[in-house]
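Fit chains S and V to the known structure of chain D by using the hints.
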Amino acid sequence: MSIDARLSELNITLPAAPAPAANYVPYVQSGNLLFVSGQISSGADGLICGRVGDDLDVADGAAAARSCGLALLAQAQAALGSLERVARVVKLTGFVNSAPGFTDQPEVINGCSDLMVEVFGAKGRHARVAVSAPALPRGVAVEIDAVFEIG
Amino acid sequence: MSIDARLSELNITLPAAPAPAANYVPYVQSGNLLFVSGQISSGADGLICGRVGDDLDVADGAAAARSCGLALLAQAQAALGSLERVARVVKLTGFVNSAPGFTDQPEVINGCSDLMVEVFGAKGRHARVAVSAPALPRGVAVEIDAVFEIG
Amino acid sequence: MSIDARLSELNITLPAAPAPAANYVPYVQSGNLLFVSGQISSGADGLICGRVGDDLDVADGAAAARSCGLALLAQAQAALGSLERVARVVKLTGFVNSAPGFTDQPEVINGCSDLMVEVFGAKGRHARVAVSAPALPRGVAVEIDAVFEIG
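Residue numbers (our numbering), protein chains in the order written: chain D, 144 to 294; chain S, 144 to 294; chain V, 144 to 294.
Where hints are given, some of them may not hold.
Sample of chain S residues at the chain V side, in silico, Cβ under 8 Å [what the hints assert, rightly or not]: (1) L176; (2) D188; (3) V260; (4) H269; (5) V272; (6) A273; (7) V274; (8) S275; (9) E292.
Derived from the structure by calculation, the hints contain no laboratory data.
Here the structure is a predicted model, which means the values were calculated and not measured.
Virtual Cβ for every residue (Gly too), placed ideally from N, Cα, C.
Isolated chain D (complex conformation):
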């Protein structure tokens, strides 16, 4: 099944690839690696803000992480023309805006990890880091960057 067909089947419509918040670019390709800038959580109503473990629960946090994943896919599609060219999701680094004492960062970042596996199957299985931050740009709940391998 093509990636586009799979996105359809999953009822996923990718957002417009967000413009960078500052003086950098959303992705750089070097050799067959595509480095995508950190994507911040956002949805139909704008940025998804707040601290997980406090303002947001784990399920909210996972939904925020999934929104970062959708933005990462949108950037990869903008970079490559088609997600068919993704040979592998290599690495995700996820930062969770965390309340003191909140230690379920893995469950939050799963919102993005699960999306990658839903969309790409085995090629979507990636190396990962999930950590916390005391604050994130614009007050968002989650920020995630990615490295993709291009086929």
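Here is chains S and V on its own, set in the frame of chain D:
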């Protein structure tokens, strides 16, 4: 001297390569780079938890970082079959669960850096980032990921 | 215009490439990627310390980030002999020592991003992550690492 002989000489027995805590994989190879997922501090008695500069002192923190290094080596061995295939430790990124005002993250992450140099000699000398986090998954003291070059 | 000429035009004198604070090396080349270790903010009077959003304002923070950028350039020059060999600034990861509630990390890290574009032009446009940390080594305000592509 072979890496196995050196591990023996150092009285190091690698732990079993830990299973990922969530929906990702412990490593991905892309070209001749091996990206290993963030490994969290753990020992014979389970996870090594707590904040450094508060629950744990610098020496405790460095021991926790060393345990992350052992897990990184175990993952590299599982990925490659043998640590002889490691051509270079390229990069470590270390996150220290830090008490407010604690600023000795470099000395903590040295626990992992020193291990890499002990095991691999000059090939173990790596680029590095050492920062803090206000919390880490499961409450662990240290999380470190790695990039290895494969020969 | 050569990079050296551009540095001159910008009145930029690179600092000496700082020695690592611990048991690691300032850079590792793997294939045509140069991984540079996290560089901490410092100036003519020593380390630039403090929390942004509290001890330091955004402009101070951006100046601290620029100093990290100068150190990254100094390391790249030491690694490569000449900055002419930089084909692309691929990725910056910036950590801002942030007061609670401070969410302008992008504006801070711009201090480094802007420098890369001033020096390298289009080749200086990079993928980026900007996050916060509750503390950084030695109490510095900003730490940034980089990946460069070598031509």
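Hints, one by one, checked against the model:
Because the closest C-beta pair between L176(S) and chain V is about 7 Å apart, less than 8 Å, the hint holds. Among the interface hints, the one on D188(S) is violated; its C-beta lies about 27 Å from the nearest C-beta in chain V, farther than the 8 Å criterion. Using the Cβ-Cβ criterion of 8 Å, the hint placing V260(S) at the interface with chain V is satisfied: the shortest such distance is roughly 6 Å. About 6 Å separates the beta-carbon of H269(S) from the nearest beta-carbon of chain V, less than 8 Å, and the hint is met.
The criterion of a C-beta within 8 Å of any C-beta in chain V is met by V272(S), whose closest approach is roughly 4 Å, and the hint holds. A cut of 8 Å between beta carbons decides the hint on A273(S): the least distance to chain V is about 6 Å, and the hint holds. The interface hint given for V274(S) holds, since its Cβ lies 5 Å from the closest Cβ of chain V, which is under the 8 Å cut-off. A hinted interface residue such as S275(S) counts as satisfied when its beta carbon comes closer than 8 Å to some beta carbon of chain V; here the least separation is about 4 Å, so the hint holds.
Interface restraint check: E292(S) against chain V, minimum CB-CB distance 5 Å, threshold 8 Å, status holds.
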